[in-house]
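Enquirer: Fit chain B to the supplied structure of chain A, relying on the hints for placement.
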Amino acid sequence: MSSEPPQRTRQAMRRGPGAIIGVGIIGVVFLAALVGIIHTPFDPIEINADNRLSAPSLQHWLGTDEWGRDITSRLLAGAVVSVTIGLLTSLLATASGTLIGAAAGYLGGWLDRIVIAVMDALLAFPSLIMALGIVAVFSGSQWAVVAALSFSYMPSVVRVVRASVLTIRRKDFVDASTVMGNSRGFTLGRHILPNTVGMVIVLATSLFGWALLAESALSFLGLGVPPPAPSWGGMLADSRNYFEEAPWLALAPGLTISLTLLGINLLGDALRDFFDPRNRNL
Amino acid sequence: MSAPDIAPLLDVERLVVTISRHGKAVHNVVEAVSFTVPAGGVLALVGESGSGKTMIGRSILSLLPAAASVTAGSIKLSGQSLIGLPPARLRKIRGGEVGMVFQEPMVSLNPALRIGVQMMEALQLHRGMDDKAARESCLEMLSRVGILDPRGSFAAYPIQFSGGMLQRIMLASVLAARPRLLIADEPTTALDAISRKQVMDLMVELTQEIGAAVLLISHDLGMVSQYAHQVVMLRNGRLIECGTPEAILLNPKHDYTRALVGALPSRVSNGVSPAVPAGNSLVQIHDLRIEYRQRRRLFSKPPAAHQAVSGVSMDIYRGETLAVVGESGSGKTTIGRALVRLLDTTAGRILFDGEDCASFNHERLAAFRRRTQMVFQDPYSSLDPRMRLGDIVAEGLRMQGGLSRAERRQRAADMLTEVSLPGDYLERFPHELSGGQRQRVCIARAIVGQPAFIVADEPVSALDVTVQHQVMTLLSRLQAKYGFTILFISHDLGIVEQIANRVMVMHRGRVMELGSRDDIYDRPCHPYTHRLLAATPRMARRAEGGYTLITADFWPVAPPGGCRWFDSSANTDAHARMVEIENGHWVCCTP
Chain A
1 MSSEPPQRTR QAMRRGPGAI IGVGIIGVVF LAALVGIIHT PFDPIEINAD
51 NRLSAPSLQH WLGTDEWGRD ITSRLLAGAV VSVTIGLLTS LLATASGTLI
101 GAAAGYLGGW LDRIVIAVMD ALLAFPSLIM ALGIVAVFSG SQWAVVAALS
151 FSYMPSVVRV VRASVLTIRR KDFVDASTVM GNSRGFTLGR HILPNTVGMV
201 IVLATSLFGW ALLAESALSF LGLGVPPPAP SWGGMLADSR NYFEEAPWLA
251 LAPGLTISLT LLGINLLGDA LRDFFDPRNR NL
Chain B
1 MSAPDIAPLL DVERLVVTIS RHGKAVHNVV EAVSFTVPAG GVLALVGESG
51 SGKTMIGRSI LSLLPAAASV TAGSIKLSGQ SLIGLPPARL RKIRGGEVGM
101 VFQEPMVSLN PALRIGVQMM EALQLHRGMD DKAARESCLE MLSRVGILDP
151 RGSFAAYPIQ FSGGMLQRIM LASVLAARPR LLIADEPTTA LDAISRKQVM
201 DLMVELTQEI GAAVLLISHD LGMVSQYAHQ VVMLRNGRLI ECGTPEAILL
251 NPKHDYTRAL VGALPSRVSN GVSPAVPAGN SLVQIHDLRI EYRQRRRLFS
301 KPPAAHQAVS GVSMDIYRGE TLAVVGESGS GKTTIGRALV RLLDTTAGRI
351 LFDGEDCASF NHERLAAFRR RTQMVFQDPY SSLDPRMRLG DIVAEGLRMQ
401 GGLSRAERRQ RAADMLTEVS LPGDYLERFP HELSGGQRQR VCIARAIVGQ
451 PAFIVADEPV SALDVTVQHQ VMTLLSRLQA KYGFTILFIS HDLGIVEQIA
501 NRVMVMHRGR VMELGSRDDI YDRPCHPYTH RLLAATPRMA RRAEGGYTLI
551 TADFWPVAPP GGCRWFDSSA NTDAHARMVE IENGHWVCCT P
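Going line by line, the protein sequences match chains A and B. Going by the numbering used here, the letters in the first sequence line up with residues 1 to 282, in that order. Going by the numbering used here, the letters in the second sequence line up with residues 1 to 591, in that order.
Treat the hints as calculated values from the structure; they're not laboratory data. All residues carry an ideal CB built from backbone N, CA and C; glycine is no exception. You may find that some hints are simply not true.
[What the hints assert, rightly or not] Partner residues are not named here, just some residues of chain A that face chain B (Cβ under 7 angstroms, in silico): (1) 136; (2) 138; (3) 179; (4) 180.
Next comes chain A alone, as it looks inside the complex:
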């Protein structure tokens, strides 16, 4: 048993460099967020009018923005905001969606019909529009953004989890569990939910990515994290007026967001493979 993790890691590497790259990128992002909490080279918020739009230099590695703030510092501080929003949103949406979807799919009957009707109604709104509406009403903080995004992504999680529970609950091992005398709750927790894990993880990681993008979009529309607090989306949004004079303003947060999304997707695939018993002991 003790030799298992290294063996599995070796297998992960043999399947291709994707997993390693994914873990690497996400590791760097989380590290940046940690650094951003403890220390940034310059104050990410204080305005410095003498230093507006300076190009990347030894002092300001990625240049400064229109208020003379150091881009590197703002990216690090923004990492805290973006990672918090992405992580919390994907956790909240996945947890609530899995709970509701699994209950609806497994218990069926009127509960299922009501849940599905409500979720379909919610899905009819584009999630960004719904988030916009919620943020507009409860504006003012990143927590509002997290709540709004979680709520608008939850219906998709419900649908996916419910569909997969519907397939799994028709398998004979679920009947076998009933015949053994196991309660419905035990069957759900022991046999059905674990078999949705691979799919839920992929979904959760892509939600992280969507939340990151949506936060950028909300900031772009001025409804995200309120200024002057830095966020990657907000930085990208602010850069659009200076694209010709200072392209680094757009490039730095834009590339950061793209790379993070790539890392998240690679990590999701790797996690799915890792949790699939079919990839063990081979």
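Expert: Chain B alone, transformed into the frame defined by chain A:
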């Protein structure tokens, strides 16, 4: 039967099919196999899974999967090599000169196209017919294969037909192009006994009519023996024996063939007297009715309920094996699931050990669950893929109470040994096991808590013949040791004959006949039982060694007292009742 003596139509010589991965040859799935099929002859390739029989069939039409390729040998159709043909020439041969029928009729027809469109396609392509001629020819062929309403069927979609009907339609559309060779890959494996026989009879008759030869690919030596002129036995890609079916059954030369022939269902004494130990019932069923009701939709009439089980009464005696046989849709699985309370009953009573199952409270139900278990048909879906085998088996003890985790582990380990799986399998996952091994785990899980009653729903129908035999032997051995009662659900009368003390024949939700094994097999009364027996090839061991094929040729005899036999077409007759014609032998009839 002897093969017509003509020059070979299909000549396969020293064929080698190799699987390669990343451009490197991994292993040969077919190893230097040679055989010939004469024009109009029927040759059967027989083997278990992994024997390479399907690969040979597919290589003839260059339908091999991407990883496999023919690396040596030759395949000739009327002297012309079929290997490396240009695509245009190959397309002419596929469907035109060589037709192919697959195992799953449900997936070999396109569900989005009407039957007629799919049938006419081949005729227009290969025989250059215009719409009208093709249509006429198809309609003629459909009525020829016994489709009652050819015109209606022509415009229908595949989903509107049963598996047996679809396989007939497949045959009609493949044979309408008048091929010279028909490759039939397990054409009846997905069908139940009666449609299996009908489709096979039809296939042989039609191919004789148009003079086509048949390459029959099957795992079922018994079935094949009735139709083939020549049998080629394959194992692990090698030809191990070939000859006429009579010769192979009578005097198998190779060890493996002998094992396979020995594993064929045949009457064996199972040590338990078929006499009925009356008065000691474990389960009593009174007038059981089970209906399936579709969900009522808004603004529509309530849909009619489908009666899956209508008015079944019977007793299951302690320690016996009662087999329930019947076609698909006969309600046999429904009864089994109702007995372990996976389904709710609509009316009637089920008494388990004298207690009415409907009156169970939470506690009584838990006690009931400890004493009843089920073994499922599909070993690939009955084990949780995320759990290790040790945990799977130990879970069967979870509700027994009074056992520590370690004790449960230990009992699970003992049980795995008992079903002849190595001890280190405790830590394995289901996907690492073969179908037969998985079914052993299912049996271990079911009996680890020492239940009194087990419902086994087609427990071996997904397995190879030799593996079937092993699993059945295991089940009998465990029953002798632990003394549980089995309700054995099966469509395969050959297997039932080996294990059952009593047999119940069901048809469309009703019991047709119920009696001891010998009553049913030697003195069957109901016409439906006769049809079932006639559709099942069975083997009889000969005193001088080897086996011969029994083809049942009984005719119903009227029971004392006389009654009009309950005809299967008039099955909804409400006056039907069970009559005891001799001790413990019940037959359904109308007064």
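Enquirer: Can the hint on residue 138 (chain A) be confirmed by a CB-to-CB distance to chain B that is less than 7 angstroms?
Expert: At 37 angstroms from the nearest chain B Cβ, residue 138 (chain A) fails the 7 angstroms test, so the hint is violated.
Enquirer: Using 7 angstroms as the Cβ threshold, decide whether residue 180 (chain A) counts as touching chain B.
Expert: 6 angstroms, holds
Enquirer: Under the criterion of a CB-CB separation shorter than 7 angstroms, is residue 179 (chain A) in contact with chain B as hinted?
Expert: 5 angstroms, holds
Enquirer: Quick one, is the residue 136 (chain A) hint okay against chain B at 7 angstroms, beta carbons?
Expert: 37 angstroms, violated
Checked against the numbered hints above, the structure breaks hints 1, 2 and satisfies the rest.
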